[in-house]
Every structure is written in structure tokens, then in C-alpha cells.
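These protein sequences, in sequence, are chains W and C.
Letter 41 of the first sequence, counting from 1, is numbered 41 in the numbering used here, and no numbers are missing.
Letter 95 of the second sequence, counting from 1, is numbered 95 in the numbering used here, and no numbers are missing.
For the record, the hints were derived by calculation from the structure and aren't laboratory data.
Since the model is a prediction, treat every value here as computed from it, not as a measurement.
We put the beta carbon where it would ideally sit given N, CA and C, even for glycine.
Just so you know, not all the hints are guaranteed correct.
If we take Cβ atoms under 8 angstroms as the criterion, some of the chain C residues that face chain W in the derived model are [what the hints assert, rightly or not]:
1) Val154
2) Gln182
3) Ala190
Listed below, chain by chain, are the residues.
There are 2 protein chains.
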Amino acid sequence: MTGMADVKHFDEAAALAAVELLFWRRGIASTGIQDIVAATGLSRSSLYNAFGGKDELYAAAVRRYLDERSRPMFDRIVADGRGLAAVTAFFDRLLRLRCVGEFAGWGCLVSNANADNPPDAALSLLAEHHAALKAAFLAALEVAESNQELRAGVEPNGAAELLTLLAYAVNLRSRSGASRAQLETAVTAAVSALAA
Amino acid sequence: MTGMADVKHFDEAAALAAVELLFWRRGIASTGIQDIVAATGLSRSSLYNAFGGKDELYAAAVRRYLDERSRPMFDRIVADGRGLAAVTAFFDRLLRLRCVGEFAGWGCLVSNANADNPPDAALSLLAEHHAALKAAFLAALEVAESNQELRAGVEPNGAAELLTLLAYAVNLRSRSGASRAQLETAVTAAVSALAA
DNA sequence: TTGTTCTTGGATCGTTCGTTCCAAGATAAG
DNA sequence: CTTATCTTGGAACGAACGATCCAAGAACAA
Numbered sequence: 001m002t003g004m005a006d007v008k009h010f011d012e013a014a015a016l017a018a019v020e021l022l023f024w025r026r027g028i029a030s031t032g033i034q035d036i037v038a039a040t041g042l043s044r045s046s047l048y049n050a051f052g053g054k055d056e057l058y059a060a061a062v063r064r065y066l067d068e069r070s071r072p073m074f075d076r077i078v079a080d081g082r083g084l085a086a087v088t089a090f091f092d093r094l095l096r097l098r099c100v101g102e103f104a105g106w107g108c109l110v111s112n113a114n115a116d117n118p119p120d121a122a123l124s125l126l127a128e129h130h131a132a133l134k135a136a137f138l139a140a141l142e143v144a145e146s147n148q149e150l151r152a153g154v155e156p157n158g159a160a161e162l163l164t165l166l167a168y169a170v171n172l173r174s175r176s177g178a179s180r181a182q183l184e185t186a187v188t189a190a191v192s193a194l195a196a
Numbered sequence: 001m002t003g004m005a006d007v008k009h010f011d012e013a014a015a016l017a018a019v020e021l022l023f024w025r026r027g028i029a030s031t032g033i034q035d036i037v038a039a040t041g042l043s044r045s046s047l048y049n050a051f052g053g054k055d056e057l058y059a060a061a062v063r064r065y066l067d068e069r070s071r072p073m074f075d076r077i078v079a080d081g082r083g084l085a086a087v088t089a090f091f092d093r094l095l096r097l098r099c100v101g102e103f104a105g106w107g108c109l110v111s112n113a114n115a116d117n118p119p120d121a122a123l124s125l126l127a128e129h130h131a132a133l134k135a136a137f138l139a140a141l142e143v144a145e146s147n148q149e150l151r152a153g154v155e156p157n158g159a160a161e162l163l164t165l166l167a168y169a170v171n172l173r174s175r176s177g178a179s180r181a182q183l184e185t186a187v188t189a190a191v192s193a194l195a196a
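Given the sequences, and given the hints that come with them, work out the whole structure.
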């Protein structure tokens, strides 16, 4: 070997971040390669060379969303350590994120993917997302249980599953203009139904 | 006026029923006019003449789904009259519908529409669907309250909002292969958290 | 600088998209 | 039967789709 290759002329991580936003806002089916070319400023060649086809690019965007956006939120639930207050704090942040600011009305990329027809490459990420959120809630609920914050008879595992589904529904409905107050009503009802 | 027009050569309601199934299973973005032509056996002319463009056809399918599939389920909650048992019975039917049989893994057409980018013509139907389900739950919960089935401090309005979101999440996750047992765990936790 | 290899821009591929159009067919009042 | 009006099949439209291809450009070893 006498010569060596060119290196990438762009920041792959920055490009993926831009792609993530596109898929998050408009979904996989409504986002065209041309939209991605326009948003990233890259050429088709660079995109296909770096990421493969559209399905793999979408899977990479979901992976990024899960790792960079969902996981930190989930980790905060566990790190919080206050039991039920950690759950309440999570939903406060979630509702703010979903209903005001830059991403208001976007829902959650992963929640949305459940309703789209995600490519096979992304399917396992949906289960991973659900499992990670449930595990975080479960950790908080077990703290709550040992703090005697839970009503007698409340089963942490079932309650964690319930809170997980509630978060999914908050994500889903926030995309169609459900008001923050309305969503908050349900969250309050859930937490207070679990509390002692 | 001396002559009169031809009449339709096909059953409009039957065609719409077929279109509803397509949009339900694959979503609006992944369903092409060609798919609809193939499934109904109609020509493009007949479709556009009878329903207008794709967006209006989708809105008509959502309307049909809401009236013919959702409403009867909601009405059964109200007609049941047993209070909390009516809620449990609803979720039993829902889980069976979503997880086994002809429509297993399809989720709910209206729930799915929340994540897609529904055309303007269909947007108000999403709010109508949510409001109708919540009203049905509220009716059942008020019966439950007067039967003293509810735990002290449970607010029927908030609980109805919670159950509505739970149903949406069940619909959503059933589309991505969530197991019936897992979904049932959350439903059981919710109902038992509300019960006295 | 030369040689080799990878990356890049951009034209282009065939397909499918939603929609429109028109001639032919069907219907019923006159 | 004539005539007016609507419906129908099917070709065709321009635009957008995801994907591929290739010559030109860029980078590094020798």
C-alpha cells in the first residue's frame, strides 16, 4: 500500500443530530432524502456512504435519540433517589419538554415510531426504550415503597408498567395539541392513586 | 332539464370500509392511492369523484372508524352501568382486540393518527375521540363513586383522564408487539390503584 | 510530486407518488 | 329514441421518491 484515503469532510455526529430532528418532527415516512440533504447540507453520496440507506439512517437517529435524549431523562429518575418525588419530577420535565419550547408538539421520536411502520433495524430499539423507562420507574417505586410512600397493596412492578404507558400516552397526545393542563390532570391522578 | 345522470356503480360504504382497513393497518403515509385502487377494485376516477383527494378519504376513514368501531366500545362502558367493572370489561375487550385475532398488532387507527401527521381534515376527530372516551370513563367512574367503589380521594375527572391515556398507550404499544400480559399488568395496576 | 484510495457534488436511474383528464359507457327523463 | 348528465376505466401528468453511479477533488504515504 503506497497511498492512503481521503478523510470525511463533515462531522458525522452533527449530521446525525440534524437528521434526528427531522425524523422526530415529521416521522420517517414524511421525511424524504431530499429533506435530509437540505437540512444537513450534505450530498447524497456522503449520506449513503456514511450511514447506508434511509432505514439504517432512521435506526441511527432513533439510537441517538434513545441514548442522548431518553436515557438522560431516565437516569435522572434513578439518580434522584427521592422515591415518588422523582416520578413527579420526571413528569414535570416531560410535560414542559412536550408542551413548550423548541420541541413542543413533537412528541417523542420513539413513541411516534410505535405508530409508524418502523424498519426492522429500529424495532428492537422500541422494546429497549420501553424496558429502560420501566426499569427507571421501578427503581424509584422501590425507593418509594421502602419509604412507605406507596399505598398498601400497590405493586411496584405493575405501577412501573402503568407509569411507563402513561408517559407514552403523554408523548403521543402532546403531538396533537393536547393541553398541558389536561395531561397534567392525568399524571396527578396517577401519582396520587399510587401514593399512601 | 331533459336528461338525468348515471348512478354510482359501486357501494360507497363498502369501499370506505376497505379503505379504513388499509389506513388502519399501514397508516396514511404508507398507503398509496394504488393500494386503495387494488383493495377496493375501483378506478381512480370513482374514488376521487366519491371522496375527493387522499386527505379527505383518510378523514372519512377516521370518521368511520370513530363511529363504527370506537363509539360502540365507548357506549358499552356507559351502558354497562356497573361502575368499575365496566372499566375492567372495556380493557378486557380492548386487549383481546389489540393482541389476538384479525386486527392484532394494528393498534387503533385514531391513536396511530396522533403520531402520523394527520391532514387538517382529520385533526378535530382526534380531539373528539379523546373526549368521547374520557366521557365514557367518567360516567362509569361516577357510578363507581356512588357505589363507593373508589378509594377515598380519587377524583373521577382525573381518573377518567388517566384511563383514557392508558387506553391510548395500550393501543400504541400493542402495535409494536407488546405482550398482552405486559399490557394487562398496567391495566390491573391502574384499576386497583383507583379501587377502594 | 507521484500514486493510491476514499470522499464529494451532482446528474441520473427507474419507480411510485397524488392527481387530472378524456373518451366511452351507463342511466333515466322527456 | 333522443338527449343531457353523471360515472367509469385507464392513460397520462409533473413531481418526488430512494438509490446508484461516475468523474473530479481531497488527503496522506512514499
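With a cut-off of 8 angstroms on the beta carbons, see whether Ala190 (chain C) makes it to chain W.
-> Since chain W brings a Cβ to about 5 angstroms from Ala190 (chain C), closer than 8 angstroms, the hint holds.
Does Val154 (chain C) pass the interface check with chain W, least Cβ-Cβ distance below 8 angstroms?
-> At about 6 angstroms, which falls below the 8 angstroms cut-off, the nearest Cβ of chain W leaves the hint on Val154 (chain C) intact, so it holds.
Taking 8 angstroms as the limit, does the beta-carbon of Gln182 (chain C) come near enough to a beta-carbon in chain W?
-> Hint on Gln182 (chain C): holds, closest Cβ of chain W at ~7 angstroms, below 8 angstroms.
In this structure, every one of the numbered hints holds.
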